[in-house]
Amino acid sequence: MLEVSSEIGELIDVRSVKVNVTSAVSGIKVKSKAVRFNNGEAYVELIMSDSHYTMRVDVLAAEDKMVLIRPHEEGEILSEGVRYWIKKR
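Quick note: the sequence shown uses our numbering, first residue 1, plus one each step.
Among the clues, some could well be false.
[Unchecked claim] Lysine-lysine pairs mimicking BS3-like chemistry, simulated, CA-CA at most 27 Å apart:
| # | residue 1 | residue 2 |
| --- | --- | --- |
| 1 | K33 | K87 |
| 2 | K87 | K29 |
| 3 | K31 | K87 |
| 4 | K87 | K65 |
| 5 | K87 | K18 |
| 6 | K29 | K65 |
| 7 | K65 | K33 |
| 8 | K65 | K31 |
| 9 | K88 | K18 |
| 10 | K33 | K18 |
| 11 | K88 | K29 |
| 12 | K18 | K65 |
[As the list claims (entries may be wrong)] Per label pair, the in silico range of CB-to-CB distance:
| # | residue 1 | residue 2 | range |
| --- | --- | --- | --- |
| 13 | E63 | S5 | 47 to 53 Å |
| 14 | V17 | I47 | 54 to 60 Å |
| 15 | G75 | V17 | 36 to 42 Å |
| 16 | D13 | R83 | 50 to 56 Å |
| 17 | L60 | S5 | 36 to 42 Å |
No wet-lab data here; the hints were simulated from the structure. Note that the Cβ used here is the ideal one computed from N, Cα and C, for glycine as well.
Using the sequences provided together with the hints, build the complete structure.
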């Protein structure tokens, strides 16, 4: 969703517009194959010392075969060096 905070002027009669939107975001870069989708929500499976943990994530950007993700839930942590599972398809 974008908010226009000044007078729209002639833009109100335009049917399509090309815009470039930039944002400063931070997250962890993982292989795109590591992200699984279920009912429109993205998940990664983290490998813990003796188990696996499925974490809901937000996909912030995608480029080539990599994606930038961050935890969806406030309070959960993803840090550099985290090990994640890529399920063989």
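Hints versus structure:
Between K33 and K87 the CA atoms are separated by roughly 8 Å; this keeps the pair inside 27 Å, and the hint holds. For the given pair, K87 sits about 17 Å from K29 by alpha-carbon distance, which is consistent with the 27 Å threshold. Taking the CA atoms of K31 and K87, the gap is about 12 Å. The hint holds against a cut of 27 Å. Between K87 and K65, the direct Cα distance comes to roughly 15 Å. Compliance with the 27 Å bound is thereby established for this hinted pair.
Straight-line distance between C-alpha atoms of K87 and K18 comes to about 38 Å, which puts the hinted pair past the 27 Å bound. The hinted pair formed by K29 and K65 meets the criterion: a straight-line CA distance of about 10 Å does not exceed 27 Å. Proximity of K65 to K33 is assessed by CA-CA distance (about 8 Å); at most 27 Å being required, the pair is judged to hold. For the hint linking K65 to K31, the alpha-carbon distance of about 6 Å falls within 27 Å, and the restraint holds.
At most 27 Å may separate the alpha-carbon atoms for a hinted pair to count; K88 and K18 exceed this at roughly 39 Å. A C-alpha spacing of about 30 Å is found between K33 and K18, which places the hinted pair above 27 Å, so the restraint is violated. Proposed proximity of K88 and K29 is supported: the alpha carbons are some 20 Å apart, at most 27 Å. A hinted pair counts as satisfied when its Cα atoms are at most 27 Å apart, and K18 with K65 qualifies at roughly 26 Å.
For E63 paired with S5, a C-beta distance near 30 Å fails the hint of 47 to 53 Å. Checked against the hint of 54 to 60 Å, the C-beta distance between V17 and I47 comes to roughly 44 Å, which is inconsistent with it. The hinted window of 36 to 42 Å between G75 and V17 holds, with their beta carbons roughly 38 Å apart. D13 and R83 have their C-beta atoms about 53 Å apart, which keeps the hinted 50 to 56 Å range intact.
At roughly 24 Å, the beta-carbon separation of L60 and S5 lies outside the given 36 to 42 Å, and the hint is violated.
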